Structure formats: C-alpha cells, structure tokens
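Peer 1: Spelled out, the chains give:
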Amino acid sequence: MSDSTDTGPVLAADGSPLKQSLARALRREKMRALALIAPLLLFVVLTFIIPILSMLFRSVENQIVSDTMPGTVAAIQDWEAGTGEAPDELVFQHLFIDLFNASEAKEHTKLGTRLNYEQTGLSSLFRTSGRRLDDIGETYQDPLEEIDPAFEEADFWYSMMNGEGGEGLLEERRDMWNAQIGGGMDGDVGFVPSSAMIDMLPWTTTAYTDWAIWAAIEDEDVVAEEEPWEAVYGALGMDLRNPETAAAIAAYDGPGAEQLQAAVANMDQLPQIGFREAFAEMDEDWLDPEVWDTIAVYSPRFTSGYFLTAVDLKLSAEGVTAQPEDRQLYIKLFNRTLFMSLVITGSCILLGYPVAWLLANLPLRTANVLMILVLLPFWTSLLVRTSAWKVLLQQQGVINEILVWLGFVDDANRLILMNNQTGTIIAMTHILLPFMILPLYSVMKTIDPSYLRAAKSLGATNFVAFWRVYFPQSVPGIGAGSILVFILSIGYYITPEIVGGTDGVFISNRIAYHISSSLNWGLAAALGSILLVVVLVLYWLYDRIVGIDNVKLGG
Amino acid sequence: MADGASNDAFVEFERVQKSYDGETLVVKDLNLSMPRGEFLTMLGPSGSGKTTCLMMLAGFETATHGDIRLGGMSINDIPPHKRGIGMVFQNYALFPHMTIAENLSFPLEVRGMGKSEREEKIKRALDMVEMGNFGGRRPAQLSGGQQQRVALARALVFEPELVLMDEPLGALDKQLREKMQFEITHLAHNLGITTVYVTHDQTEALTMSDRVAVFDDGRIQQLAPPDQLYESPENSFVAQFIGENNTLEGTVKELKGETCIVELDDGEIIDAKPVNVDKVGDRTQVSIRPERVEYNQDRLQEGAHTLDAEVLEFIYMGDIFRTRLRVAGNDEFIIKTRNAPDQQRLQPGEKIKIGWLAEDCRALDA
Chain Z
1 MSDSTDTGPV
11 LAADGSPLKQ
21 SLARALRREK
31 MRALALIAPL
41 LLFVVLTFII
51 PILSMLFRSV
61 ENQIVSDTMP
71 GTVAAIQDWE
81 AGTGEAPDEL
91 VFQHLFIDLF
101 NASEAKEHTK
111 LGTRLNYEQT
121 GLSSLFRTSG
131 RRLDDIGETY
141 QDPLEEIDPA
151 FEEADFWYSM
161 MNGEGGEGLL
171 EERRDMWNAQ
181 IGGGMDGDVG
191 FVPSSAMIDM
201 LPWTTTAYTD
211 WAIWAAIEDE
221 DVVAEEEPWE
231 AVYGALGMDL
241 RNPETAAAIA
251 AYDGPGAEQL
261 QAAVANMDQL
271 PQIGFREAFA
281 EMDEDWLDPE
291 VWDTIAVYSP
301 RFTSGYFLTA
311 VDLKLSAEGV
321 TAQPEDRQLY
331 IKLFNRTLFM
341 SLVITGSCIL
351 LGYPVAWLLA
361 NLPLRTANVL
371 MILVLLPFWT
381 SLLVRTSAWK
391 VLLQQQGVIN
401 EILVWLGFVD
411 DANRLILMNN
421 QTGTIIAMTH
431 ILLPFMILPL
441 YSVMKTIDPS
451 YLRAAKSLGA
461 TNFVAFWRVY
471 FPQSVPGIGA
481 GSILVFILSI
491 GYYITPEIVG
501 GTDGVFISNR
511 IAYHISSSLN
521 WGLAAALGSI
531 LLVVVLVLYW
541 LYDRIVGIDN
551 VKLGG
Chain W
1 MADGASNDAF
11 VEFERVQKSY
21 DGETLVVKDL
31 NLSMPRGEFL
41 TMLGPSGSGK
51 TTCLMMLAGF
61 ETATHGDIRL
71 GGMSINDIPP
81 HKRGIGMVFQ
91 NYALFPHMTI
101 AENLSFPLEV
111 RGMGKSEREE
121 KIKRALDMVE
131 MGNFGGRRPA
141 QLSGGQQQRV
151 ALARALVFEP
161 ELVLMDEPLG
171 ALDKQLREKM
181 QFEITHLAHN
191 LGITTVYVTH
201 DQTEALTMSD
211 RVAVFDDGRI
221 QQLAPPDQLY
231 ESPENSFVAQ
241 FIGENNTLEG
251 TVKELKGETC
261 IVELDDGEII
271 DAKPVNVDKV
281 GDRTQVSIRP
291 ERVEYNQDRL
301 QEGAHTLDAE
311 VLEFIYMGDI
321 FRTRLRVAGN
331 DEFIIKTRNA
341 PDQQRLQPGE
351 KIKIGWLAED
361 CRALDA
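Protein sequence lines correspond, in order, to chains Z and W.
Under full-length UniProt numbering, the first residue of the first sequence is numbered 1, with each subsequent residue one higher.
Under full-length UniProt numbering, the first residue of the second sequence is numbered 1, with each subsequent residue one higher.
Hints are computed from structural coordinates only; laboratory data are not their basis.
Treat the hints loosely; a few may be bogus.
Claimed, not checked - From chain Z, some residues computed to sit far from chain W (all C-beta separations above 12 Å): (1) 125; (2) 135; (3) 142; (4) 162; (5) 165; (6) 244; (7) 270; (8) 280; (9) 290; (10) 327; (11) 328; (12) 355; (13) 445; (14) 461.
What the hints assert, rightly or not - Per the computed footprint, the stretches of chain Z lying under chain W, defined by three or more beta-carbons under 8 Å from a beta-carbon of chain W, are: (15) 448-460; (16) 469-482.
Remember, it's a predicted structure, so these values are computed and weren't measured experimentally.
Just so it is clear, CB atoms sit at the ideal spot from N, CA and C, and this is done for glycine as well.
Just need the whole structure built from these sequences, with the hints factored in.
Peer 2: Below, the structure written as structure tokens:
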C-alpha cells in the first residue's frame with residue numbers, strides 16, 4: 001500500500017471517506033440499540049415521566065384564580081393591598097359578573113377550595129355567596145320588570161343587544177368561558193353584540209354576551225328565545241348608575257330605547273346600594289381586607305405560594321413571612337424525615353454488615369440457606385410485614401409480653417414501641433435491611449480472603465487487618481447500601497403510616513394526605529419536588545465526597 | 001524418607017497431620033527439617049498437600065496432629081501475626097486501596113516503627129526489587145511482573161527470617177517467569193533468608209531450589225537436591241513427575257548388588273539399577289530418561305542388553321531431536337538426541353536397536 005504519502009482523507013474500500021462509512025456503521029448500530037429500548041422508553045415516558053412532570057408543574061400552577069375571576073383579578077391590580085381597606089365598588093362589580101358566571105358553571109367552589117388553602121374560611125365564603133348572587137341580580141330584575149314588562153321578554157333583549165361589530169367581545173368572552181371550564185365552548189352562538197351597545201351599556205353587553213354563549217352552547221338554547229339570567233339585570237343596574245350612560249340613553253333611539261329611558265327615569269325604584277354593600281350584606285367577610293389580600297397575592301397565573309407553604313413560609317401582602325407558629329409543620333417534618341432516615345441507614349449498616357460478612361465467608365451451601373433468610377422478607381407483602389410489626393410492637397404485643405414475663409420490664413411500665421419514632425425505626429430497619437445486605441454482600445464477595453491473610457502475615461492483628469485492609473475495601477458496598485436505604489426510606493410511606501402514629505410519620509405521609517384527603521395537590525407537588533431536590537442534592541454531595549464510581553452493586 | 005530433626009534445624013515439621021473433614025488426611029505424617037538460609041521448594045500436583053503445609057507453617061491452618069517448630073520453638077499456638085513470617089501470595093494480595101509505598105509501610109506500621117525509619121526501609125526494599133520509582137502508584141496501575149516484585153518487597157521489608165511463597169509466579173508469562181525465578185533465587189541467597197517455595201512447576205523447582213520436597217498423596221515422596229531428584233528418583237511417582245521419563249513394566253529376574261536383570265512383559269531382558277525392588281520376582285517399573293537412551297551401538301557397554309525399537313515419529317525441535325519409538329509394546333517411548341552435525345536423523349519406520357547404561361535405568365516400585 002502506498003497511501004502513506006496520500007495527504008487526503010483515508011478512504012474505505014468502496015472509495016467513500018472512512019470517517020463517513022464508520023459513522024454510517026455506528027449509526028446503524030445505535031438505531032438498533034434504540035429500537036431495542038424503545039418500547040420501555042415509550043412506556044416510561046408516557047406513564048411515568050410525563051405524569052410526574054405534570055404533577056410537579058402543579059406546584060407552581062395557579063391559573064384557577066385568574067381563569068375564574070379574570071375581571072376581578074384585572075381590576076384588583078389598581079387596589080393597594082395591605083392598606084386595611086377592602087377594594088372599591090369597581091372591583092365588586094367585576095366580582096359580581098365573574099362570580100355569577102363561575103357559579104353558573106359550578107367553578108366557584110373549586111376556586112374557594114383553592115383559596116381556602118391559603119386562608120381558612122374562603123371556601124364557605126365562595127360557596128354561600130355563589131348561591132346568593134341570583135338574589136342580588138333579582139333586586140334589579142324585579143323593579144326593572146315593574147318599570148316595563150318588556151324587560152321580561154327574550155326578543156326585547158335580543159333585538160336590543162344583537163347587532164354587529166362586537167365579534168371581538170364575543171370571542172373574548174368565549175375565551176373566558178373556555179379558560180374557566182377547560183374548553184368546549186366553541187360553536188355558533190347565534191348572537192353578535194352590537195358595537196353601539198358595547199359603547200353605551202358595557203357591563204350589560206358583557207353580561208348578556210356571557211349568558212348568550214352559555215345558553216347557546218352549554219344549554220343548547222336559542223339565544224333569541226330565552227330570557228337572560230339575573231346577572232344581566234345587575235349589570236344593567238351598574239350601567240344605569242353611571243351618569244354618562246344616562247346621557248347616552250337619552251340620545252339613543254335604537255331598539256329598546258323607550259324602555260331604557262323609562263328605567264333611567266325610575267332609578268329610584270332600583271336598589272340604592274352598590275355592589276360593595278350588597279356583597280357586604282350577603283357576607284361581611286367580603287369587606288375583610290385579609291380576604292382581598294389573599295385574592296390579590298394569589299391572582300398571578302404562577303405562584304411560589306405552594307413552595308413557601310412547604311417550608312413554613314407564606315406569601316402575604318407584606319411579602320414572604322413566616323407561618324404562624326401553630327401552622328409551622330413542614331420544616332419539622334423534613335428534618336424528622338432526614339434524621340430518621342439517617343438513623344435507619346445507620347442501624348441497617350450496623351445490623352447488615354456482620355450478616356453480609358458471614359454470607360460472603362461461609363461455604364456456598366450454608367450461605368445460600370442464609371441468603372434465603374435474608375431474601376424472605378422480599379417475598380412477603382410489605383403490608384403484611386408491617387402489620388406483623390404492629391402485632392409485635394404494641395404494648396400488649398409479643399415483645400412487651402416477653403419482656404414482662406422475663407421480668408425485664410414492669411407490667412405497669414410496658415415499653416411504648418409503636419405509634420412513635422421508635423416503631424418506625426424498628427420496622428423500617430427490618431424492611432430495608434436486605435437493601436443494605438445485598439450490595440454489601442456482593443462487594444464483600446469480591447474481596448479475596450488472601451488480603452486478610454496477607455495482612456495477618458505482615459503482622460496485623462485480626463482487628464487491624466479488618467479495619468485497615470478489609471473494611472476500606474467494603475466501603476463501596478456500604479456506600480451503595482446506604483444510598484439505597486436512605487433514598488428508599490426518605491420517601492417511605494406505608495410503614496410510618498401504620499406504625500408511626502403521629503410522631504413517627506414522614507413527609508411522604510403528609511404528601512399522601514394532601515393528595516388524597518385535603519386534595520391540595522399543589523402543596524403535595526411542592527413537597528414532593530422539595531423531597532426530590534433534597535435527594536438529588538444528597539446524591540450530588542455523596543458523589544463529591546465518596547465518588548459514585550466507588551459504589552458497587554456487585555462484580 | 002525425610003531427614004530427621006537435627007539440632008541446627010530452623011524449620012521443623014514433626015509427624016504433622018492435617019484433616020479438614022475428620023475422614024481423610026490431606027497431610028499424612030509429614031516430617032521435614034530445614035536449616036537456616038535454605039531455599040526449599042514444595043513441589044507436587046494439586047491436592048498433594050503442599051499448600052496446606054505452607055498454610056500450616058504460616059498459621060492460617062492448624063495441624064490436626066504433630067508439631068511445627070520455628071527456630072526450635074513450637075509455633076502451633078502462635079497466631080499468624082506473631083510468627084514474623086513473610087509471605088508472597090499467588091495473586092500477590094497487594095492491598096488495592098493503598099499505594100505501593102503504603103503497602104510496604106503496612107507491616108512496619110503495625111510493628112510501631114517510626115516514620116523516618118519506615119521510609120528508609122521502604123526505599124531500600126523497593127530499590128532492591130528495582131521498583132524505586134513506583135512508590136506512589138496503586139497496585140492496579142502496575143503490570144503483573146511489577147506487582148510480583150512489590151509483593152516480594154512487601155514480604156521482605158520487615159526483614160523476616162523465613163519467607164513463604166505460594167506459587168508466586170503462576171500468573172506470569174513464561175519469559176517473565178524465568179526472569180523472576182532467577183531474581184528471587186538471587187535475592188534469597190544474597191539476603192540469606194530461609195525460603196519455603198510452593199509450586200507445581202517442576203522446572204521452577206529444579207532451577208531455584210537448594211532442595212526440593214516432592215509431595216504426593218499427603219506425603220513427601222522424596223526430599224533431595226534438584227540433581228539427585230532428577231537423576232536418582234526414589235520411586236516411580238518422582239520419576240514420572242520430575243522431567244520426562246520412559247517407563248517399561250516388568251519383573252525382576254536377577255538381583256546382583258548394584259545391577260539387576262528385569263524381564264519385560266513381552267519377554268525381553270534389560271539391565272537396570274535396583275532402587276526400590278527387594279527380591280527376585282517383584283513387579284517393577286523401570287524408568288529411563290529420554291536423553292540417556294543410546295542407539296549408537298558403539299557407545300554401549302560390552303554385553304549390555306539391547307531392545308528392538310521401531311521409529312514412529314521424528315520431531316525436530318531445534319536444539320534437540322525428539323524421536324518417538326515403539327519399544328516392548330510401548331508406543332510412547334521417547335528419546336532425545338542433541339542436534340550435533342554428525343547426529344543421525346532417524347526416519348519413521350526405521351528399525352533400530354536401543355540400549356543404555358545400567359545405572360541410568362532405575363528399577364522402581366510398580
């Protein structure tokens with residue numbers, strides 16, 4: 001071959017550059033490897049990663065407030081939180097429209113539940129108020145129908161409101177509904193607000209449009225044939241109270257001009273109080289500035305509130321402050337979880353190391369029998385094992401009975417081994433022990449017994465030989481076992497739940513509580529995210545200190 | 001068989017037995033005595049008990065019966081770490097988590113030696129095995145031969161009077177092994193250390209040792225210097241085990257002092273030297289080294305018996321020729337001849353007559 005003098009790229013047999021054909025060959029191999037793992041990858045992504053990500057996303061998600069009360073949230077921006085005063089009439093007018101829509105869509109209770117996480121009492125405030133908004137509307141509807149029966153008629157409203165040029169408003173309100181109930185409000189409404197009405201009666205037009213969309217699409221009615229809901233009358237009341245509107249109505253001569261002018265003339269028959277007072281009459285908490293602080297603070301679409309709650313802080317009008325003493329819970333729980341996990345890991349090392357050593361040094365046949373004993377717990381249901389511990393540990397349980405019978409413990413002073421930290425530590429040490437023994441065993445198995453002999457022949461006593469020669473070589477096994485046990489125990493749920501009582505529960509029990517009982521998924525997600533971050537940080541620290549290359553699960 | 005206990009013996013085994021299961025003896029009645037400074041090799045097939053003997057000497061196994069003495073003191077009850085015996089293991093057993101210098105420092109530290117003294121000794125020991133620049137490395141960063149040297153240095157650094165080596169060269173390739181054999185022998189002799197060396201490689205045993213103890217079936221079959229072992233095996237096991245060997249079976253016909261006449265099974269008669277045959281009529285295996293077989297009639301003694309042989313195969317091996325013959329019904333009879341200019345190259349199928357000096361043909365136990 002004479003291509004040693006050739007300065008160009010090395011060529012493959014078929015004349016293409018060697019690099020290119022190598023890359024082609026490697027790519028084919030990679031594709032084959034990818035095809036092999038594709039089913040599992042797809043499964044994991046679809047059923048595990050995506051749900052987890054969406055769950056974690058809930059920890060910052062807060063759309064419900066602005067989706068349910070878009071007008072109120074926009075109006076409240078001008079109100080200064082923390083002044084000790086509830087907002088003014090305008091905000092309450094928006095609140096009436098938003099909350100009326102929400103209660104028709106049955107969304108106001110969800111919002112109440114959400115805000116109730118931040119301030120107790122808001123749930124019932126929203127629930128009861130939502131029911132009584134119709135009444136406020138009726139205080140306008142009744143007198144208006146007195147003034148002119150035409151206000152009762154569907155075609156009167158339709159001919160007055162329908163027109164052209166209001167497509168923008170229609171789409172805007174349609175988006176509002178879609179955001180509120182999560183879509184499905186698309187389709188023909190059979191109504192377009194007239195631009196003249198938008199200018200003259202903005203509240204009324206908005207409320208009528210809201211109703212029209214709801215009636216046409218959700219109730220599948222014909223807009224022109226139905227009487228609007230009470231909110232429209234309330235909204236007309238808002239418009240009529242505006243002095244400029246009264247002037248505009250006087251100059252108006254389109255459909256319904258006569259009736260509107262009659263209404264203006266008889267303003268004294270309409271309620272004389274504003275919506276602020278109406279809400280206050282309904283429930284005086286609506287004038288509580290704290291309620292409005294909470295709504296204002298939690299109005300953005302994303303919030304750090306869940307995370308702050310998860311570390312015993314809270315978001316308030318004054319910024320981030322500590323939770324009141326009696327509501328501080330999570331830092332203590334995190335600390336307890338970490339501390340107990342450490343204790344469990346430590347006791348697993350203490351108990352598991354000698355067993356692993358024995359397993360690694362006994363003749364194979366005996367070791368196999370012992371190994372079965374170690375693995376036996378794996379083959380028993382976790383719930384059964386934990387329940388068995390309940391039987392053993394309780395005050396009238398097996399352990400106490402034996403101790404009393406042996407005379408170690410007085411009958412009156414039986415040991416409290418359950419429903420506290422002791423119980424959790426004992427049961428979890430037992431349950432997680434195999435996860436310590438197995439990696440330890442597989443590492444110890446690879447340590448040649450001749451090292452110990454060598455050390456002894458060099459003059460080391462049994463202890464020195466063990467400590468300076470054997471132990472350092474078994475550290476990778478301790479590392480692997482500790483990581484396994486620690487990470488498993490930090491997120492453990494069933495065992496602390498059953499034997500932990502109140503003192504011995506972990507953060508995961510609190511997460512489960514928020515997932516299944518209080519339904520505060522945002523907080524659960526925040527707690528879970530923090531737990532995940534703590535584990536990752538610890539893993540990183542471990543890698544820095546011990547080195548992850550030193551972790552051996554075998555071989 | 002073995003030398004009896006003598007007063008200047010440094011290492012002594014006296015009637016030592018060892019059994020692991022209480023049913024069979026791995027070591028049966030071992031008697032051995034080594035003077036100070038000797039290089040003794042325990043040679044034998046696997047399972048012959050040689051490693052067990054070494055482990056008993058090191059203290060990792062206890063003798064079931066008998067006495068092991070070191071410098072006149074019984075060491076049966078002394079734990080391994082107090083025996084002060086250096087040991088080189090088959091896999092070297094260098095501590096993987098320590099550097100080379102730390103490995104060497106270990107035996108000195110456990111003896112409570114000061115830092116400066118330690119460093120000096122480590123340096124000297126590493127220089128001795130020409131590994132002076134490797135103190136900071138880890139065992140995994142060294143080649144097999146280098147690890148071997150370090151293991152040797154570690155066994156010697158605390159200046160033991162007795163060093164045990166358990167097949168230390170087994171993992172090395174042939175060339176390196178030969179080099180290390182030479183170096184170990186020199187080191188042992190220069191330092192005047194008493195060495196017990198275990199191997200199953202007879203070449204290694206012959207080239208390195210002052211004396212070789214051939215083990216089989218839990219007993220020392222023969223304990224002798226290499227030349228004696230090769231030239232005068234005392235029984236057929238030793239003859240078979242050491243070097244290449246031709247065996248013919250027959251019956252003792254006549255016994256007269258230093259020679260005897262053996263009638264082979266096919267009726268032919270040969271001369272032999274009686275080694276462990278007692279009387280006429282005994283069955284015997286006669287053993288002849290391939291290089292002592294002669295087919296040039298001129299070199300044979302007057303009146304020597306000869307055998308008919310047929311050449312089956314001629315193998316050219318460079319320095320020697322190796323010829324396979326059929327002799328007295330034995331197809332595996334080998335002769336070796338030097339590749340000299342005048343040497344005749346036998347052709348397969350050729351019929352020749354072979355013979356030997358009576359003292360080269362040893363009549364051993366059957």
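Peer 1: When the hints from earlier in the document are held up against this structure, which numbers fail?
Peer 2: 14
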